[in-house]
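Participant: Sequence:
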Amino acid sequence: MATATAAADSLYSRMGGEAAVEKAVDVFYHKILADAELAPFFASVDMKKQIRKQVAFMTYVFGGSGAYEGRDLGASHSRLIREQGMNHHHFDLVAGHLDATLQELGVAQDLKNEAMAIVASARPLIFGPAEAGAATA
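The opening residue of the sequence shown carries number 1 in this note's numbering; numbering runs sequentially from there.
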């Protein structure tokens with residue numbers, strides 16, 4: 001179990017570990033699927049599988065596990081960018097839903113800020129460094 005291997009000072013542990021991440025992902029995807037601009041990206045997605053992958057990914061990036069078995073962010077989003085027009089606006093919507101989720105769940109502001117900084121660092125991994133720079137200019 002990832003919780004046992006997470007460093008006590010990791011963001012994952014400080015946020016509440018496995019139960020907290022699972023709850024956050026559940027609330028997060030309810031918000032995503034209720035968003036008319038984002039829901040179409042998930043129309044043909046097996047959401048149970050997607051939720052499992054997201055829990056594993058968040059566990060990893062928040063320091064709860066030393067390994068992540070999924071595809072890298074660029075590869076896993078390239079089809080959405082190329083075929084469905086996913087762009088920085090959509091990234092910002094997703095980030096906003098995560099921020100709102102963490103707020104709703106009562107995550108302390110310093111932990112929320114740390115989590116959102118990790119999310120922001122994913123932008124160039126999804127869109128490429130040149131594209132990510134253009135979004136922040």
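To be clear, the hints were calculated from the coordinates, so they are not data collected in a lab. Be careful, since some hints might not be right.
Within a straight-line C-alpha distance of at most 27 Å, the following computed DSS-like cross-link-like pairs (lysine-lysine) qualify [unchecked claim]:
id, residue 1, residue 2
1, K53, K112
2, K23, K53
3, K48, K31
4, K53, K31
5, K112, K49
6, K49, K23
7, K31, K49
8, K112, K31
9, K48, K23
10, K48, K112
11, K112, K23
Participant: A separate judgement is required for each hint: does it hold in the structure or not?
Facilitator: Results of checking the hints against the structure:
{"no.": "1", "hint": "K53 / K112", "in the structure": "21 Å, holds"}
{"no.": "2", "hint": "K23 / K53", "in the structure": "14 Å, holds"}
{"no.": "3", "hint": "K48 / K31", "in the structure": "15 Å, holds"}
{"no.": "4", "hint": "K53 / K31", "in the structure": "17 Å, holds"}
{"no.": "5", "hint": "K112 / K49", "in the structure": "25 Å, holds"}
{"no.": "6", "hint": "K49 / K23", "in the structure": "15 Å, holds"}
{"no.": "7", "hint": "K31 / K49", "in the structure": "17 Å, holds"}
{"no.": "8", "hint": "K112 / K31", "in the structure": "17 Å, holds"}
{"no.": "9", "hint": "K48 / K23", "in the structure": "14 Å, holds"}
{"no.": "10", "hint": "K48 / K112", "in the structure": "25 Å, holds"}
{"no.": "11", "hint": "K112 / K23", "in the structure": "15 Å, holds"}
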